[in-house]
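Student: In case you want the letters, here they are:
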Amino acid sequence: METLLVTDKTAAKPVEQEECYHCGDPCTAGEISLEDKSFCCDGCKLVYQILDENGLCNYYDLEDAPGIKLKSAPTDDQFSYLESADIQKQLLDFQSETFEKLTLYIPAIHCSSCIWLLENLYQLQPGVKQSRVNFVKKQLTVGYDPTEIGLRQLVEQLASLGYEPHISLHNGEEKKAYNPNRTLFIKIGVAGFCFGNIMLLSFPEYLGFDGPMDAEVRTFMSYLNVVFALPVIFYCSTDYFLSAWSGLRKGFINIDIPISIGILTLFLRSVYEIVSATAPGYLDSLGGLLFFLLIGKWFQQKTYEGLSFERDYKSYFPLGITRIANGVTEAISLRQIEVGDTLLIRNREIIPSDSVLLSSRASVDYSFVTGESEPVEKAKGAYLYAGGRLVGERIEVLVDKEVAQGYLTRLWNQDTFSKSDEGKWQSLVDQIARYFTAIILAIALATAIYWWVVDPSIMFTSFTAVLIVACPCALALATPFTLGTAMSSFGSRRFFLKNATIIEKLAGVTHIVFDKTGTITEAGHSAVQQVGTLDQKGMELVYALVSQSTHPLSRKLFSHFTLQKGLALQKIEEFEEIEGKGLQGKVDSTSGMIGSASFTGWQDATDQLNGASRVYYVIGDQHGYFEIINDFREGLDELIGMLKGNYGLSLISGDHAAEEDRLKSKFPAGTTMQFEQSPQDKLAYVRSLQERGAKVLMVGDGLNDAGALKQSEVGIALTENISSFSPACDGILEAARFSHLAAFMDFAKSSKGIIIASFVISFLYNIVGLSLAVTGLLEPVYAAILMPVSSITVVAFATLSIHLLTRIKKL
Amino acid sequence: MLIIVGLILISVLVAGFFLGAFIWATKTGQFEDTYGPSVRILFDDEKKVDKKSSPAAQE
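Those protein sequence lines, which keep their order, are chains X and A.
Residue numbers for the first sequence follow my numbering, beginning at 1 and rising by one.
Residue numbers for the second sequence follow my numbering, beginning at 812 and rising by one.
Mixed in with the good hints, there may be bad ones.
Straight-line alpha carbon distances no greater than 25 Å define the calculated PhoX-like cross-link-like pairs of lysine-lysine that follow [unchecked claim]:
1. A:Lys838 <-> X:Lys302
2. X:Lys297 <-> A:Lys838
3. X:Lys101 <-> A:Lys838
4. X:Lys137 <-> A:Lys838
5. X:Lys752 <-> X:Lys664
6. X:Lys581 <-> X:Lys571
7. X:Lys45 <-> X:Lys581
Bear in mind the hints are in silico, worked out from the structure with no lab data behind them.
Let the sequences and hints guide you as you build the complete structure.
Tutor: Set out below in structure tokens:
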């Protein structure tokens, strides 16, 4: 195996940079290595060793650096709840004495090496009897012998390799859901089968064979056609009838009504003609119509199965919670938490319900819930809101409110979450359908009346011919194909939508609301400024100190130093971390400390100023501080520049107003800015905008935005890593593509233009067909040609224009 | 001409068989994962290299 060797020529002392053999991250050669392979951290090295010892190094041959960097070492009892029989029962698909089977959702699955390793788990754990990866859904179905390996050990093994499954009650409830696509596939298959056969049997009619063909054979073929048409009507078309019926009952006309009328007229008239032996009918058109329509439906229903857009708080909360009752710890599920329980919360775990802190102190990271950027220190007796993530030592808390009544979960009791989207919004095609249906019925009636007066013998034929030809097949195909293609264009540019109709909604947006923390500011990206004296040695000491700590400010300093040239990571001695205060240690007889002002002995100094955090240091006689400013996302300026003329903008943040001045310089004058907003406030703000007639796009990232994301017309969740969890939303945008948002919105608007152009094309076909129909000239063979040709033109036009547009717009 | 009727029925039967195969494939979930099988077929069955017995194998 060859490793990539990059020599930096600009540095005074050449630093050899290599890529980690396991995960591909940059690392320093020779620092952490085994044989000739370099690793970026001990975690990666350890995984390599495990695989190497078990002869599973094929993992590295299939793809280069396929590994997943372990972000945090799994704690000893992180998965202890999996031993609870109650939880096991909820998770397992099958359970017996010697065999258990379950499906795990593992977001880290990303390449063929992953598939290979996970399907060769039995080499690592003989207790595993079978394992199978569904790559598209990022799921692992694993069967094992519970007498050899427990569920907990299995999950721990996976986590230690970097394949930590996301286990939540939510997917426990969801897993039995039947894939609706299967039914659609079968319907398409049946429709295609019937369509093909009917066409084949209609060939004699197309070619006008009169001579040697027996009348009996011809009748036989016609009746066989009717047989083939039966599944088309009674199986494939049911969705359209049901949708038309429910539309009628609710009192609005959707596109499925003219389609249903067309389907029924086609079928009934054809059967009548065949039975009365007057004409061969239009059953081939019927089959083709359904076949194309269902393909359009499939195109529109295409979704990103690996992503979930419907998560509520249950997906974030731990599945198992440790309760301390009478001095004994037991694993219980979220539902079993009662007021007055004492719970044990470990490092990196989420506090499941509003509760009171019993331990002496705790550091809680609320960034996901409130938008505050730094972890908050809490002392004994403090009130802890649900949803915060514990950073540091384990704590005990006393439950004060039930899970469903908590600060965060109350959000889900709002009626926004119980309402479904149906009926609230009408798509362009449904708006057109209303007029379309009325016009078609009027033309059909006018034709019938005219022929009744002129020549009653062809009244019935021309009336039904109008209904058949007017069946808006091409019209119904225009939207799914345009939006479906646009959606996959977006997807290949890392913007994933829940479904294709979101593009239409995106095109109508008039107001954009941004969240601050994590949305326009970047979590891991910050500017570091050093004030005071600090020499090379001191710098290296600070570097070594922060490398040992997991505090967010330490991580920021660490990534800052890692980028600096010529700085070597030294070995640290006498390292000590004083939780919530700072770090101290020694490198080559230079000792020093770094941390809060009070810890380092600074007088009259603050840890927070104008939204910047300060970390003080005292190293020998050198002292000073690092100022860490939350940096805005790259491309924010250009994005705001492109958006400001066309949309109303707002900024709404759960954080304090410290950065208001800096933000004001970024946004155009008159932008509404609100700070210290609770999740409920955000939702209310979006609602108030909507009441003033705005169509709102909410861009957020955390659970605290969940209400606003749901309430808004379009809610987009921004995430650093697509496979990580994001709140329920309409679209997930990769953070690196943030500045492209304006381009996406522009593209959505153009897509709407393409839909309208497709409508025009399909109307033109309808006019040609109608003019034939009203004059009573519509032969089956014309209908049979016109229907597929119009559909194919529209589909080709829609698909090609979107592809062309992607090129032109340089999306 | 009766032979045509027979032939048509046979052809429908054959086509029906394939339709059945398609439905079966869909119902057993063969269209669920469209990426996995393409990779899986390329995996070697057993490639367990005992490293300790072949120290020279490393480049």
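Student: Each hint should be assessed against the structure and marked as holding or not.
Tutor: Verification of the hints:
no., hint, verdict
1, A:Lys838 <-> X:Lys302, "holds (18 Å)"
2, X:Lys297 <-> A:Lys838, "holds (19 Å)"
3, X:Lys101 <-> A:Lys838, "holds (20 Å)"
4, X:Lys137 <-> A:Lys838, "holds (17 Å)"
5, X:Lys752 <-> X:Lys664, "violated (33 Å)"
6, X:Lys581 <-> X:Lys571, "holds (22 Å)"
7, X:Lys45 <-> X:Lys581, "violated (31 Å)"
The structure does not agree with the numbered hints 5 and 7 stated previously, though it agrees with the rest.
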